[in-house]
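For reference, the chains in residue letters:
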Amino acid sequence: MGGLYFDIAHLFAGGLVLISFILLYQDRLYALLNVFALQAFVLALSVAWQAYVQDAPHLYITAGITIAFKAVAIPVALHRMVARLGVHREVETVVRLVPTMLAGIALVALSMVVMLRVTGGADPLAREDLAFALSVVLLGLLMMVTRSNAVSQVVGFMSLENGLILAATGAKGMPLVVEISVAFSILIALIVIGIFLFRIRERFDSVDLQVLDDYRGEAR
Amino acid sequence: MPLPGYLIGVAALLVLALTALLPRRIRSGTVVIYGGSLVVTAVLFAAAAWHLLANAAGLSLSLPLGVPWLGANFRLDALSAFILVVIDFGAAAASYYALGYGRHEHEPMRVLPFYPVFLAAMNLVVLADDAFAFLLSWEMMSLASWALVMSHHQVPGNARAGYVYIVMASIGTFALLMAFGLMAGDIGDYTFAAMRAHASERTATGVVLALALFGAGSKAGLAPFHVWLPLAHPAAPSHVSALMSGVMTKVAVYGFLRIVFDLLGTPVWWWGIPVLATGAVTAVIGALLGLMQNDLKRVLAYSTIENIGVIFIALGLALGFQSHGYSAAAALALTAALFHVLNHSLFKSLLFFGSGALLTATGERNMARLGGLLNRMPMTGLFMLVGCVAISALPPFNGFVSEWLAFQAILLSPVLSSWALKLMIPAVGAMLALAAALAGAAYVRVFGIAFLGRPRSDAATNATEVDRFSVTAMAALGILCLAAGVFPGVVIDALEPLVRQLLGTAMAHQSQLGWLAIAPIAESRSSYDGLLVFLFITTSALLAAVIIHRFASDQTRIAPPWDCGFPQNDPATQYTPESFAQPVRRVFSGFGFAASEAVDMPRPGDLRPAHFELKLKDLIWDYGYQPVVNTVFGIADALNRLQFLTIRQYLSLVFAALVFLLLALAIWT
Amino acid sequence: MTILGNLTIQILQMLLVLLPAPLLIGFIRKVKARLLRKKGPPLIQPYRDLIKLVGKEAVVADSASWLFRAVPYLVFAATWVAAALIPTFATGLLFSWSADLIAIIALLGSARFFLALAGMDVGTGFGGLGSSREMMFATLAEPAMIMIVFAVALIAGSTQLSYVAEFMLSPAVGLRVSLALGLIGLVIVAIAENARIPVDNPATHLELTMVHEAMVLEYSGRHLAMIELSAQLKLLLYVSLIACLFLPWGLAPVGAGIGLHVFGIAAYFAKLAVAGVALAVFETSIAKMRVFRVPDFIGVALMLGLLATLLRFMSGSL
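Going down the list, the sequences are from chains E, A and V. If you count by the numbering used here, then the first sequence holds residues 65 to 284, one letter each, in order. If you count by the numbering used here, then the second sequence holds residues 34 to 702, one letter each, in order. If you count by the numbering used here, then the third sequence holds residues 20 to 337, one letter each, in order.
Next comes chain E alone, as it looks inside the complex:
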């Protein structure tokens, strides 16, 4: 395989990290969902490219599932959910934007160091892919802890899962069964969370999770 194959794979993986940052940057819910769909789309491209490079046709199915569920079904569902809930369209952040971004950069650096050091002898394509995947996972977690709105937390969770898929495809050989079951479990998680959201909304007139803390008597 020539350098170009690596470069394209890296470009897709790096694109995922970049989109994770864009997710962190977004301050409107609808834009957030669109960017999330974009991330899923790039993930599908990345997976398809891996399928081509590794000559592993089952990964095409993974890519297809990713597009169908995460680039289309879930964003559309969340769109309708936000519209139905009529929640405030702005993303409420707990931490200010610039510190969040700085923390994000530190996390990317951390995952690069960890992954590149640990996987010293491995296939170079996998090494950097894994580093990017870990970055996406950590950025997803960061998004979940720095946002108080439940919808954006769901998005953070989903983008975290994108990172997992990136890692799995980069490391050559996640069985298709696992992938399909993960995809379905995500879908079920979405349904559960959706129901949960409606319940919170009915009870507290808000999907801001801090309201829940107040209800438990934990002061902010």
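Be aware that one or more of the hints could be misleading.
[As the list claims (entries may be wrong)] Which residues of chain A face chain V? A partial, calculated answer using Cβ under 8 Å:
1. Phe440
2. Ser557
3. Leu565
4. Ala577
5. Asp596
6. Pro604
Hints listed in this document are in silico derivations from the structure and should not be mistaken for laboratory results. For each residue, glycine too, the CB sits at the ideal point set by N, CA and C.
Using the hints provided, position chains A and V relative to the given structure of chain E.
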């Protein structure tokens, strides 16, 4: 000049100080002291410069003074020669400036005796070749500068400044004492030569590095030990402020260089990390806090902190490269640091002279009461502008060249194998660039508020140009700022011997490149030509002006300001220093300081005045120092009770202590 | 002969950045107008404006100092020198070694420094407002720019633009994540530095959020012409820089024949046109930001630059 010549010069300065203490009739006055200092330091400067440029051999001398078994050892090598050049040039400029400025001093006897002592002590620190002579002259330098800081002790705040300064200076000297103690170690020989010879068998080098970073760094103004600096430097008379900021901080850098690069031995891989980290934090904190100050001299003091940060970033890079075996890159970084040492001594002296000129002309240090001075003090304004551009690291002036060299050194650093450095250096690079950009904003603020616009007070309205001495001193420094920026190759070549002395290698000779360009590594990597950039800018600006004036219109009408059709005649409608800083304050609040604004806007129809309150909190002081201060006072209060014991209780205390020590001895051995 | 040839190329380059600069602005205005289904002013309108301004008498406020009159020429000179050092159609510029990319950024910094001072010179509220905001933007945009330069320079192994462009043309460069990050960052910085939407609105005065226009409010006549021309040059400079770093195709190599140079010039104009259309489409499709949203926007460029540099430090293949 042989080494005794330098010592005679130092002695002459000390004698000069004594003559200021003679009975009133025959005591020497302002002109004699500053004139004498000017002559002596000019001679010392010329000798040291000759020594450096001629690449003369090192000189050393041992005098039977001081501690009997040690004597007093002095040595002049390339490093000390360079710092002597910086010191004595700054001192000569300050003395010349003071020939005019010093006449406005209300209480000359609080300044005159200490001024030559201060100069002598700085020279001695650099010449010292054993720990005893070094520390003695270091402490003399601290005390003399403290006395100068306290010269206007009636001014509110100055007494506290002096107090904080003396406490920090004492702790810093103590740290250096410990560092030397550790380095002398088992050999028990406190000459630098012995320390250098035994460098390889030394243990606990990390502790020495930490102590040197604290001891020398606190004198230089390295965060978080910088808190005294913005209090003390502005409190002194302006020519002394120039010396403290422009020169004394360089003596502190010298102390760090001497200990870490010369005496401590081969650097370990992690040495660069703490130096880089403190340097980067210092640069950003200094630049940010400087942007928040209204007192002109305090802005300059904070900017000193920022520049010290830049110097230490470059030093940290040099340590990192050297410890990984990349001496050529280390030479580049060290050259950047030393170039910046020289640059900062030039433009900071210039700016403090300018602030002194403003003080003479208006009696104001608060920028909120200045304005419109470029029309009233054209020469001071012009040279202040030069200083502001130079310190903002803008081409074709000198500040840019040293920062450019530092950036080039950063670009070489991916070769370093240490992961910690790989992680850190990009962030340090970003902080260096951020500090430079913030400094630019700070100096637009300084010059724009103080010299441009309309005067904000009567004092500013009636200001007139200052005396010839002050203007000439500023002119000389301003021209040198430009010269060092336009001919950087000359400076780099002059720095070569000392870089070679400290690192064993140096940057390639720059003078063989055409058009006086500089190329740190290879021309294909990067090159810069200050002369051509300067010529291009001046010619194209002149060309544009001439063509337009010749072929289009050269008519000008003087009219009231347009101001979007609603001109306001009150100068209070201009931007103030606070309002200029507001966007930056708002964006960066939380990084080293916390700002809170409270606006009380009466409702329409309500006749009470609107009220705006700004609260700035220095987080380093609040969270770093205040707890220590509180603890110390708490302990002091607790111990206070010991003063009211009976004699029997005192005796029993002494007795208990004795028994305790004996017990300790019994258990220990 | 070679010296003479190189000198010709250098002089041609200086004119090639100066002369089409107003045209680029005219083109962008035209495309924007068309996108809004308006007819728009003719392409050469910016030239007409400049000529008209140059011929008028300059009105200078009575509280202004000499700096106010000197600044337009200084700003113009610094911008022009910076623009002339960026390879637009040929890499072998005679004087390209006199300033590298960092120095070019610093030259733009000098121009901004003096322009901000000029904004404060007359002593009006608007001028101070513009200067203060401009410098706040600069505190983020300048480090962002430096970090992007770092990323590019680490890939190309040089900060000399001619060498960078040659490297970018070679097959060694590949597709790099850090380059992609750098490109996005550079576009953000270019938008912010040129006071385009969504950072600032170039088409309006008398808006409370204006930045650049507030600084130059007091200028008139030939001074205003110089300021306008330098602003146009600056936009062209950034487009040339992006083209030189990321789309260096068509640049004539050192010692190439006349044919290649002509092709280089044609390619350059094509790149300008593409950039103009892209900018116009972008500006039409987006709304202006609140002023305190801008630091976040430019902060993103800084983050991207930092991230790109970090990636370069971490791994040789990114």
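For each hint, the structure was consulted:
| no. | hint | verdict |
| --- | --- | --- |
| 1 | Phe440 | holds (6 Å) |
| 2 | Ser557 | holds (5 Å) |
| 3 | Leu565 | holds (4 Å) |
| 4 | Ala577 | holds (5 Å) |
| 5 | Asp596 | holds (4 Å) |
| 6 | Pro604 | holds (7 Å) |
In terms of the numbered hints stated before, the structure departs from none.
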